[in-house]
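Single-letter residue listing:
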Amino acid sequence: MSGGNTFLGMPAFPRNAAAAVQDSQLRFNLRKATHTIRGKRASVVAELPDWTELRAAGKEIKDHTLRNLERYLLQMEEAVTAAGGHVHWAADAEEANRIVADLVKATGETSVVKVKSMATQEIGLNEALQAEGITAYETDLAELIVQLGDDWPSHILVPAIHRNRSEIREIFHDKMADWGRAAPEGLTDEPRDLADAARLHLRERFLSTKVAVSGANFMIAETGTLVVLESEGNGRMCLTLPETLISVVGIEKLLPSWRDLEVFLQLLPRSSTGERMNPYTSTWTGAVEGQEFHLVLLDNGRTQVLADEVGRQALRCIRCSACLNVCPVYERAGGHAYGSVYPGPIGAILTPQLRGMGSALDASLPYASTLCGACFEACPVAIDIPEVLVHLRGKARHPRTERLGMRAAGWVFNRPARLARAQRLGGRLRRFVPERLPGPLSAWTDTRDIPDIPAESFRDWWNRTDGGAR
Amino acid sequence: MRVALFITCVNDTLFPGTGQAVVTLLRRLGCDVEFPRAQTCCGQMHVNTGYPEEGTRLARHFVDVFAGYDAVVAPSGSCAAMVREQYPRLARVTTASFAGEVAEMVPKVYDLSEFLVDVLGVTDVGAYFPHRVTYHPTCHSLRGLHLGDRPTRLLEQVRGLELVPLPGAEECCGFGGTFAVKNPAISAAMCGDKVRNVTSTGAEVLCAADNSCLMHIGGTLNRQRAGVRIMHLAEILATTEATR
Chain A
1 MSGGNTFLGM
11 PAFPRNAAAA
21 VQDSQLRFNL
31 RKATHTIRGK
41 RASVVAELPD
51 WTELRAAGKE
61 IKDHTLRNLE
71 RYLLQMEEAV
81 TAAGGHVHWA
91 ADAEEANRIV
101 ADLVKATGET
111 SVVKVKSMAT
121 QEIGLNEALQ
131 AEGITAYETD
141 LAELIVQLGD
151 DWPSHILVPA
161 IHRNRSEIRE
171 IFHDKMADWG
181 RAAPEGLTDE
191 PRDLADAARL
201 HLRERFLSTK
211 VAVSGANFMI
221 AETGTLVVLE
231 SEGNGRMCLT
241 LPETLISVVG
251 IEKLLPSWRD
261 LEVFLQLLPR
271 SSTGERMNPY
281 TSTWTGAVEG
291 QEFHLVLLDN
301 GRTQVLADEV
311 GRQALRCIRC
321 SACLNVCPVY
331 ERAGGHAYGS
341 VYPGPIGAIL
351 TPQLRGMGSA
361 LDASLPYAST
371 LCGACFEACP
381 VAIDIPEVLV
391 HLRGKARHPR
401 TERLGMRAAG
411 WVFNRPARLA
421 RAQRLGGRLR
431 RFVPERLPGP
441 LSAWTDTRDI
451 PDIPAESFRD
461 WWNRTDGGAR
Chain B
1 MRVALFITCV
11 NDTLFPGTGQ
21 AVVTLLRRLG
31 CDVEFPRAQT
41 CCGQMHVNTG
51 YPEEGTRLAR
61 HFVDVFAGYD
71 AVVAPSGSCA
81 AMVREQYPRL
91 ARVTTASFAG
101 EVAEMVPKVY
111 DLSEFLVDVL
121 GVTDVGAYFP
131 HRVTYHPTCH
141 SLRGLHLGDR
151 PTRLLEQVRG
161 LELVPLPGAE
171 ECCGFGGTFA
181 VKNPAISAAM
191 CGDKVRNVTS
201 TGAEVLCAAD
211 NSCLMHIGGT
221 LNRQRAGVRI
231 MHLAEILATT
241 EATR
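If you read the protein sequences in the order shown, they are chains A and B.
Note that this note's numbering has the first sequence beginning at 1, numbered continuously upward.
Note that this note's numbering has the second sequence beginning at 1, numbered continuously upward.
The hints are simulated quantities; they were obtained by calculation from the structure and are not laboratory data.
There's no promise every hint is true.
[What the hints assert, rightly or not] Which stretches of chain A does chain B cover? Using the computed rule of at least three CB atoms under 8 Å from a CB of chain B, they are:
#	stretch
1	328 to 335
2	374 to 386
3	396 to 409
4	413 to 420
5	444 to 456
6	461 to 470
[Claimed, not checked] Only some residues are given here: those of chain A computed to face chain B with a beta carbon under 7 Å:
#	residue
7	Leu8
8	Ala12
9	Pro14
10	Ala18
11	Tyr367
12	Thr370
13	Val390
14	Arg393
15	Gln423
For glycine and all other residues, C-beta sits at the position ideal for the given N, C-alpha and C.
Work out the full structure, taking the sequences as your base and the hints as a guide.
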């Protein structure tokens with residue numbers, strides 16, 4: 001995963017998280033939002049008697065598709081082409097950005113509207129277009145807030161989760177005029193007022209822009225159909241009004257057939273917004289009613305993930321964000337700490353696989369979890385996130401002191417006699433253990449006391465008393 | 001039935017009282033428990049921190065030590081879950097013979113409360129503990145082993161014990177093994193919320209089936225001089241009117 005270089009050079013997760021955890025506004029917003037969605041999700045999932053079967057079916061369909069990805073991708077290409085669309089293959093971010101920029105330039109336009117698309121954020125499309133003199137306008141409400149605020153998204157489903165309404169009012173008031181129609185006079189921070197301001201601002205944009213860039217939630221190989229699920233209807237306008245539509249979609253978004261879509265139309269809304277069904281579901285096949293249609297199929301590291309037998313399950317992800325909303329680490333660190341458009345538990349396994357673990361940040365992501373398992377339990381396609389985290393930790397580079405410590409511990413544990421000797425040494429030195437430990441272990445004693453070290457280990461007690469018999 | 005106690009390295013080294021309580025309790029229930037002296041550590045810390053080779057070596061040692069027993073009882077949800085969930089994964093990338101040994105071992109490994117409720121078929125173990133207690137289910141007991149209400153069913157039968165529900169019980173305490181020192185800020189923030197929930201119950205004792213989580217929560221409770229003490233489930237269940 002290259003591009004999206006806004007995150008380049010960020011420190012490792014623990015440092016980002018340590019700063020975020022002290023931000024009382026962020027903590028309040030995240031606690032409130034994640035707990036609300038968590039509760040809604042739990043109740044709409046509980047009302048389906050066949051949720052377990054749906055979840056298993058979702059996993060199976062995705063696994064089958066990924067095993068036969070080449071076949072379904074070619075089928076998709078053929079069907080889209082037959083329906084009058086154009087299909088482009090992009091191996092990486094640079095190629096995808098090049099293709100989109102050239103397509104836009106060919107129309108002679110200098111602006112595009114966008115419906116929320118994680119894939120284009122992943123490749124840094126907006127920045128790449130900007131460099132070519134093309135302005136991309138975000139039209140999803142939350143994405144608009146993020147763009148106007150010169151900010152980064154911090155959640156998959158609710159990208160502006162870190163902002164509250166008075167902050168949004170400020171952003172609208174100060175920045176809307178720079179991007180188009182200014183905010184109305186006397187704008188308040190009432191949600192209705194804010195939505196009205198966004199509607200006026202965006203409506204003008206929709207009616208005047210001739211090129212749109214979208215993502216997709218699903219692609220159906222049998223008919224070459226793309227599917228977008230959304231709440232606001234802004235996506236529908238983005239998809240239908242412009243004369244040229246360019247969709248940038250990750251190759252793992254495929255489903256073989258419409259029958260398979262049925263499963264995901266139940267899994268996705270209930271897992272993401274906690275609704276039985278989302279308000280808008282748009283589907284389109286090839287070029288519709290004179291609109292020119294281009295599909296850019298994006299790899300950008302995905303085939304490399306597919307080659308990893310344990311890690312590949314991350315490609316089942318349908319971007320519902322249920323794992324974020326149940327994650328105690330995400331709830332306290334927020335999305336920005338993960339330094340990627342994919343935050344939270346899924347980001348902790350997806351980002352290091354897509355980008356590799358070369359940077360300090362990416363190498364720290366598999367450790368941004370207590371392995372509590374709440375994410376796996378909530379995942380609608382049964383991605384065993386803790387399993388992948390542990391797997392990636394096994395491939396990460398480790399700090400030297402840690403390596404030495406782990407090797408020493410392994411040496412002690414390899415022989416019971418060594419363990420017994422270490423325990424006796426600890427027992428003898430117990431009076432000399434300071435309240436605050438030095439070095440990396442100070443991370444323990446900064447906030448916690450250490451337990452009293454017993455004079456005698458269990459094994460010595462057992463040996464001395466013959467298991468309590470003496 | 002040959003029953004082995006897998007004490008776990010944390011209990012062996014830091015909480016011998018928990019092991020003694022397991023021995024007392026199982027003997028009282030008529031079960032003769034052995035302590036295979038060659039045992040050391042299940043390898044969880046190594047595997048979960050990213051050292052699968054060292055972890056696999058310890059897993060092999062574990063399987064060698066405990067192979068001859070009908071049941072292996074561990075007073076730790078996360079160590080039992082390590083054997084049950086992670087050993088098969090480690091074995092998958094080693095040899096077929098080790099995978100076979102692991103497959104044989106896995107169904108014989110029990111967390112203490114599973115062994116009591118499912119194998120011995122008891123929930124009233126004859127314990128007496130006249131205190132107000134709240135129970136933290138710990139993640140690996142809850143989502144790894146799916147212990148469900150077994151521990152609380154055992155506690156409910158303890159005479160004199162007042163069990164008070166813990167708000168937000170299913171949320172992780174923030175220990176996570178080396179997570180506690182690799183991400184100390186988040187770990188402390190999570191524990192802060194856990195401790196707030198614990199003290200809100202007015203309990204004297206915080207009980208769990210895992211001393212490593214308790215060491216983390218208890219360390220924070222102590223630092224705050226909260227006046228709540230930690231006890232492993234085994235220690236409460238081992239207490240009777242005669243022994244207290």
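Practice prompt. Could you tell me which of the numbered hints above are not met by this structure, giving the numbers in increasing order?
Written response: 7 and 8
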